[in-house]
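Undergrad: Heads up: the sequence lines are chains A and B, in that order. Under my numbering, the first residue of the first sequence carries the number 293, and numbering increases by one thereafter. Under my numbering, the first residue of the second sequence carries the number 5, and numbering increases by one thereafter.
In short, the hints are calculated from the structure, not lab data. Since the model is a prediction, treat every value here as computed from it, not as a measurement. Treat the hints with caution; some may be incorrect.
Just so you have them, the derived chain A footprint on chain B, three or more residues with Cβ under 8 angstroms [to be verified]:
{"no.": "1", "stretch": "17–30"}
{"no.": "2", "stretch": "119–130"}
{"no.": "3", "stretch": "282–295"}
On the chain A side, residues computed to face chain B include the following (Cβ under 7 angstroms) [stated by the list, open to error]:
{"no.": "4", "residue": "L690"}
{"no.": "5", "residue": "V692"}
{"no.": "6", "residue": "G785"}
{"no.": "7", "residue": "T791"}
{"no.": "8", "residue": "V793"}
{"no.": "9", "residue": "R824"}
{"no.": "10", "residue": "Y858"}
{"no.": "11", "residue": "G860"}
{"no.": "12", "residue": "S866"}
{"no.": "13", "residue": "T870"}
{"no.": "14", "residue": "G876"}
From chain A, some residues computed to sit far from chain B (all C-beta separations above 10 angstroms) [claimed, not checked]:
{"no.": "15", "residue": "S302"}
{"no.": "16", "residue": "P457"}
{"no.": "17", "residue": "Q549"}
{"no.": "18", "residue": "L626"}
{"no.": "19", "residue": "Y629"}
{"no.": "20", "residue": "S648"}
{"no.": "21", "residue": "A658"}
{"no.": "22", "residue": "G694"}
{"no.": "23", "residue": "L863"}
{"no.": "24", "residue": "Q867"}
{"no.": "25", "residue": "Q941"}
A virtual CB, placed ideally from N, CA and C, is assigned to each residue, including glycine.
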Amino acid sequence: MAESPAHRLSERDKPWMMRTYAGHSTAAKSNELYRCNLARGQTGLSVAFDLPTQTGYDADHELARGEVGKVGVPVAHKGDMHALMDAIPLDTMNTSMTINATAPWLLALYVVCAEENGVDPRVLQGTTQNDIVKEFLARGTYAFPPGPSMRLTADLIAHTVTEIPKWNPINICSYHLQEAGATPVQEIAFAMSNAIAVLDAVGQRVEAALMGAVFSRVSFFVNAGVRFVEEHAKLRAMAILWEQLGRERFGVRDAKQLRFRYGVQVNSLGLTEAQPENNVQRIVLEALAVTLGRDARARAVQLPAWNEALGLPRPWDQQWSLRIQQVLAYETDLLEYPDIFAGSHVMDGLVEEMLSGARDEMATVARQDGVDAAVAYMKSALVDSHGERIRRIESGDLVVVGQNAYADSEPSPLAAGADGGIMTVDAGVEAEQIAALVAWRERRDATAVGAALDELRRVAADDAQNIMPATIAAARAGVTTGEWAQALRDVHGEYRAPTGVGEASAPRRVSTEGDLEALREEVERVSDAIGRRIKILVGKPGLDGHSNGAEQIAVRARDAGLDVVYEGIRLTPSQIVTSALQEGVHVIGLSILSGSHRELVAEITRALADAGVDAPVVVGGIIPDADVAALKEAGVAVVFTPKDFDLTQIMRTVVALVADRHGVAAATR
Amino acid sequence: MSDTGEELGARLRERDLTAAPAVLNLVENRAPQQRGAIAALLAGVSPAALGAEAPGHLVGITGPPGSGKSSLLAQLVPAWRALQRSVAVLAVDPSSRRSGGALLGDRARIAVDATDAAVFVRSMAAGGRLGGLAPATRAAAQALAAAFDVVVVETVGVGQSETDIAEAADTVAVVVQPAAGDVLQFLKSGIMEIPDVLVVTKADLGAPAARSQHDLQASLRSLGAPDIPVLAVSSLAPPSGVGELVAALDEHRARIDVPARRLAARRASALADFSAEHGDRGLRALGGSRAATRLLAALDASLDVAALTEALEQAAR
Chain A
293 MAESPAHRLS ERDKPWMMRT YAGHSTAAKS NELYRCNLAR GQTGLSVAFD LPTQTGYDAD
353 HELARGEVGK VGVPVAHKGD MHALMDAIPL DTMNTSMTIN ATAPWLLALY VVCAEENGVD
413 PRVLQGTTQN DIVKEFLARG TYAFPPGPSM RLTADLIAHT VTEIPKWNPI NICSYHLQEA
473 GATPVQEIAF AMSNAIAVLD AVGQRVEAAL MGAVFSRVSF FVNAGVRFVE EHAKLRAMAI
533 LWEQLGRERF GVRDAKQLRF RYGVQVNSLG LTEAQPENNV QRIVLEALAV TLGRDARARA
593 VQLPAWNEAL GLPRPWDQQW SLRIQQVLAY ETDLLEYPDI FAGSHVMDGL VEEMLSGARD
653 EMATVARQDG VDAAVAYMKS ALVDSHGERI RRIESGDLVV VGQNAYADSE PSPLAAGADG
713 GIMTVDAGVE AEQIAALVAW RERRDATAVG AALDELRRVA ADDAQNIMPA TIAAARAGVT
773 TGEWAQALRD VHGEYRAPTG VGEASAPRRV STEGDLEALR EEVERVSDAI GRRIKILVGK
833 PGLDGHSNGA EQIAVRARDA GLDVVYEGIR LTPSQIVTSA LQEGVHVIGL SILSGSHREL
893 VAEITRALAD AGVDAPVVVG GIIPDADVAA LKEAGVAVVF TPKDFDLTQI MRTVVALVAD
953 RHGVAAATR
Chain B
5 MSDTGEELGA RLRERDLTAA PAVLNLVENR APQQRGAIAA LLAGVSPAAL GAEAPGHLVG
65 ITGPPGSGKS SLLAQLVPAW RALQRSVAVL AVDPSSRRSG GALLGDRARI AVDATDAAVF
125 VRSMAAGGRL GGLAPATRAA AQALAAAFDV VVVETVGVGQ SETDIAEAAD TVAVVVQPAA
185 GDVLQFLKSG IMEIPDVLVV TKADLGAPAA RSQHDLQASL RSLGAPDIPV LAVSSLAPPS
245 GVGELVAALD EHRARIDVPA RRLAARRASA LADFSAEHGD RGLRALGGSR AATRLLAALD
305 ASLDVAALTE ALEQAAR
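Please work from the sequences and hints to get the whole structure.
TA: Structure follows, in structure tokens:
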């Protein structure tokens, strides 16, 4: 047999696992979608859960209103899991679940579903994201305080490493850090620091001999932006740091156990609402970042859809993203070569830069006093980085084609259809899910459920025990997601993560500073005329935890001279109304990205009117054009969408709105 | 149509808690044409109008950033509610020197049940003022004390700001986290006034919190103040020490002569307001600060701060 030359592989590589992050409406509808995606060549499942499921609430909880079935599938009990996995072979399927605070619970439902289908849980393959730190930092679907959350994370890992050995119990996510504004160096450093914290916690709960196996089961979930050369260097740097960490800190020797394994969802932050067709080439280039070099190639890839900045993708949009992967893997020659960057002094130099920056940043994180302080430090660093990114877009230093440059465009036919180019979840889904839930609660053995929950609370209160066996028993008994999480909330209490905005630094001198100075003068003038400094309430109703937008608005409002009440994520309409009333605000800004704006905003404007609050309401977020009229009818003064990227301009509009509402005449210039 | 100052004063005297947002909107208003309305409101809740000192317990809570003040309040508010007491919280945050704006972020950590009408939380920006109190905070606290059982003023800071908060509160609690050596230094050197109650947070940390508690007790003894309670509390589930803190705050208030403390506070506030407005020159016209203090001491004890300040202004003319 002929020896293959050094620049060719003897055998073409097998492609990475191709997934699409999917789930919506109900378990049955999502199951239909999964089977269709598998038939079209997808090779694994990636389950998107709805926000109530991710944060541990049943569909009939006040906070779940408007969110059921929106950004993912509701799974409330083992019956829903059976419906979700119907006719999918659990013994061979590889299922990734984006689930964190409630990860032990969803894994338990998956295990029980397998058991009841005659599949031995030991053969199950897949991933639970199970990364709570980035929920505190960036994504917001936490449920319990950091200490107890870390214990749940560690318990799940300790359980699977012996009981479900092929399971990936944790996916350390730097994905959401980049979405929240992290630079590549911050992304590496914060992800590695997070991994250290997790491994330290697991180290307390398993025998030392198992740490090599634990280390080998820790995988990463990264992001890749459009600067794809630098992004590829980032991944090579992560692989080097990971191996070093394993050897030096955790004493792992086995080369296989030291391997850096990662899945990826490429960047959504850089996708634009303006000229959305440009997003397709952005996604392709970002996919190259994680596939180009063989030495740091992704194990599993998910690509977002071109229309993520517009709303929820339709099946056809997701199919398009899958086809990008298939073209890359099956048509190009990408998989035929060894690492194409081996010996590249450009790549080596970039990797070296990343490594040294990341090591410095990791040292800074390590100097923080405990997980809480580290989270607070990293959060404010992210708010700062994101603010800097936005200022660079505003000033034009960072070019975003179609948005702050080359903005003149033909109308895009992509979004011209009757559906506006996005999927809308049937509004009846929530009522349907609630009715099914009520029926489920009536059907099951109430005594067994009560006993399972009592046992769960007992185990939760005893730090020496692993939460998984009691959680699996509760899943078998027919306990619901909301009940499981409430039992743990009873023991551990509720938690609100730091918002990061209080520590955000004041703006550096940038080219937009002149604009801001003029706006400050206007704020002073209007404030003097109405007697009090203009005060704004920035609120995030519902369960959506993507708080970047709200945080940046809050910081810019302060920098413009407003007094800003910002309370973080996950507020009920009644909390927002109470705040508006008690704080005496002049204007209310609501940020919603989960698609629940129609339900939530109407409820809030109604309640504000009932409470006698006459401050104008503005709404920002991923709001399809088709919904703008309905929001205005509900009493919203202005709607901002991702097209409105200039925050100073947004603040000018807000200040003018307040001036108008209080009869302050426009400035004479 | 919004209520006049007189009407708001009357609502507070009737202990109408729903008047609170409008009261704050008025006392925060800096427009010259609102001064009369503010004076009318404050006169309406003055000891003269009430026939006694306002019944509410004015509690000051202060401490360095990150010491756990708002987490502590998140525990204290429900504890007071469990005793059927109505609670108003005035949370003061610093303003940006550059823009004049402020981020007021603590509210969500404090607010418990949004539908509980007996809890009022208002965030206030400190403005340009040193000393940690917003210009309208003291007036707001005094007004709300006519209607609420407990009025908490929460400020950031350690050092000078306790002096300011002492003028607004019956009982001042300073909150520190374990191993906060600067507080110990401030106490010893006299930069910081001795508070009425010292609280060490994060008692869940165990040994470090206990050590801090012990160190603070030792230095209070050496400063001749062995009776100042030093309490360790934990805001993490399961919370601890909160009931003891509520009791310690109550005990302090039972021990002091509230009318005398408030009278002294009103006089100090009037002098501070006068100095802020008229400076050293104004003080010289009164014959210096000692003379001004004597002048205030001769005035009717039931006058509110605005009336006292006006009396000083007349004397200076």
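Undergrad: Could you run down the list of hints and mark each one as holding or not?
TA: Each hint tested on the structure:
1. 17–30: With 4 residues close enough to chain A, the hint holds.
2. 119–130: holds (count 6)
3. 282–295: n = 0 at 8 angstroms, threshold three: violated.
4. L690: 24 angstroms, violated
5. V692: Status violated, d = 27 angstroms.
6. G785: 3 angstroms, holds
7. T791: 6 angstroms, holds
8. V793: 5 angstroms, holds
9. R824: Result: holds, 5 angstroms to nearest chain B Cβ.
10. Y858: Since the shortest Cβ distance to chain B is 6 angstroms, the answer is holds.
11. G860: Because about 5 angstroms separates G860(A) from the closest Cβ in chain B, which is inside the 7 angstroms limit, the hint holds.
12. S866: Because about 5 angstroms separates S866(A) from the closest Cβ in chain B, which is inside the 7 angstroms limit, the hint holds.
13. T870: 4 angstroms, holds
14. G876: 4 angstroms, holds
15. S302: Given that every Cβ of chain B is farther than 10 angstroms from that of S302(A), nearest at about 58 angstroms, it holds.
16. P457: At about 34 angstroms from chain B, P457(A) clears the 10 angstroms cut-off, so the statement holds.
17. Q549: 35 angstroms, holds
18. L626: 48 angstroms, holds
19. Y629: 52 angstroms, holds
20. S648: 30 angstroms, holds
21. A658: Consistent with the label, A658(A) stays out of reach of chain B, its closest Cβ about 18 angstroms off (over 10 angstroms).
22. G694: 32 angstroms, holds
23. L863: 7 angstroms, violated
24. Q867: Nearest chain B Cβ is 4 angstroms from Q867(A), so the label is violated.
25. Q941: Label holds. Min Cβ-Cβ 17 angstroms, cutoff 10 angstroms.
The structure does not agree with the numbered hints 3, 4, 5, 23 and 24 stated previously, though it agrees with the rest.
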